[in-house]
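Protein chains in written order, with our numbering: chain A, 3 to 113; chain B, 775 to 890.
Please keep in mind that the hints were generated in silico from the structure rather than gathered at the bench.
Ideal Cβ placement from N, Cα and C applies to all residues, glycine included.
Any given hint might turn out to be false.
Partial chain A-side listing against chain B, Cβ under 7 Å, derived [what the hints assert, rightly or not]:
1) Gln44
2) Gly45
3) Pro46
4) Tyr48
5) Pro100
6) Phe103
7) Lys105
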Amino acid sequence: DAKTTQPNSMESNEEEPVHLPCNHSTISGTDYIHWYRQLPSQGPEYVIHGLTSNVNNRMASLAIAEDRKSSTLILHRATLRDAAVYYCILIRNSGNTPLVFGKGTRLSVIA
Amino acid sequence: GAVVSQHPSRVICKSGTSVKIECRSLDFQATTMFWYRQFPKQSLMLMATSNEGSKATYEQGVEKDKFLINHASLTLSTLTVTSAHPEDSSFYICSARVGTGNYGYTFGSGTRLTVV
Numbered sequence: 003d004a005k006t007t008q009p010n011s012m013e014s015n016e017e018e019p020v021h022l023p024c025n026h027s028t029i030s031g032t033d034y035i036h037w038y039r040q041l042p043s044q045g046p047e048y049v050i051h052g053l054t055s056n057v058n059n060r061m062a063s064l065a066i067a068e069d070r071k072s073s074t075l076i077l078h079r080a081t082l083r084d085a086a087v088y089y090c091i092l093i094r095n096s097g098n099t100p101l102v103f104g105k106g107t108r109l110s111v112i113a
Numbered sequence: 775g776a777v778v779s780q781h782p783s784r785v786i787c788k789s790g791t792s793v794k795i796e797c798r799s800l801d802f803q804a805t806t807m808f809w810y811r812q813f814p815k816q817s818l819m820l821m822a823t824s825n826e827g828s829k830a831t832y833e834q835g836v837e838k839d840k841f842l843i844n845h846a847s848l849t850l851s852t853l854t855v856t857s858a859h860p861e862d863s864s865f866y867i868c869s870a871r872v873g874t875g876n877y878g879y880t881f882g883s884g885t886r887l888t889v890v
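Chain A on its own, in the form it takes in the complex:
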């Protein structure tokens, strides 16, 4: 599976937007970009995913670079409940393969 690179940690003030970057320069044409987050002492939860076009849902937005070698997860207004580890993962849309987690980005939100 293609590798992703994320900053180890980021900090945001409450109610401000947060842009979490992810580099995936070796992405292949069939790889989907998925984002998951893990709140303390919980299992990960799905945030958003995309292939080529930018995506929006109730939790976040996903901006995908034109060459697909990077993407950015956007939380429009960070809350204290958004403090978590955010994982950017590439998934091939075939078969039933497991998610392979990197180290992710630990987001701290300051009140």
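With chain A fixed as given, assemble chain B onto it according to the hints.
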């Protein structure tokens, strides 16, 4: 949405005893479930892939005789940690892919195992 129910949420056991962790898919059928282990301040590490009606596939370095996986139905997979030792203390998480195509994965809430 699709939910995986994982129990127990936390368990403390004595060294040498066995502990069973259950994961149930509540509103969908999971032919495959994935089991992860997570040590403090570290990322999730895949332990094994559980397939309904067949033997599980274990990742390199994971002892299949110590971590027994059973997936007897389309809605239940269990992980039994046998002869537990303090170094097995960890956060165990199960997961399943929801549907087909480019859908996401859903995760259990995790089991905090402490071996004393």
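Do the hints match the structure? See the list:
Restraint check, Gln44(A) versus chain B: the minimum CB separation of about 6 Å is within 7 Å; hint holds. Using the Cβ-Cβ criterion of 7 Å, the hint placing Gly45(A) at the interface with chain B is satisfied: the shortest such distance is roughly 3 Å. Look at Pro46(A): its Cβ gets to within about 5 Å of chain B, closer than 7 Å, so that hint holds up. At about 4 Å, the closest approach between the beta carbon of Tyr48(A) and any beta carbon in chain B falls short of 7 Å, and the interface hint on this residue holds.
Look at Pro100(A): its Cβ gets to within about 4 Å of chain B, closer than 7 Å, so that hint holds up. Restraint check, Phe103(A) versus chain B: the minimum CB separation of about 4 Å is within 7 Å; hint holds. Taken as an interface hint, Lys105(A) checks out: its beta carbon lies about 5 Å from the nearest beta carbon of chain B, inside 7 Å.
No hint from the list above goes unmet by this structure.
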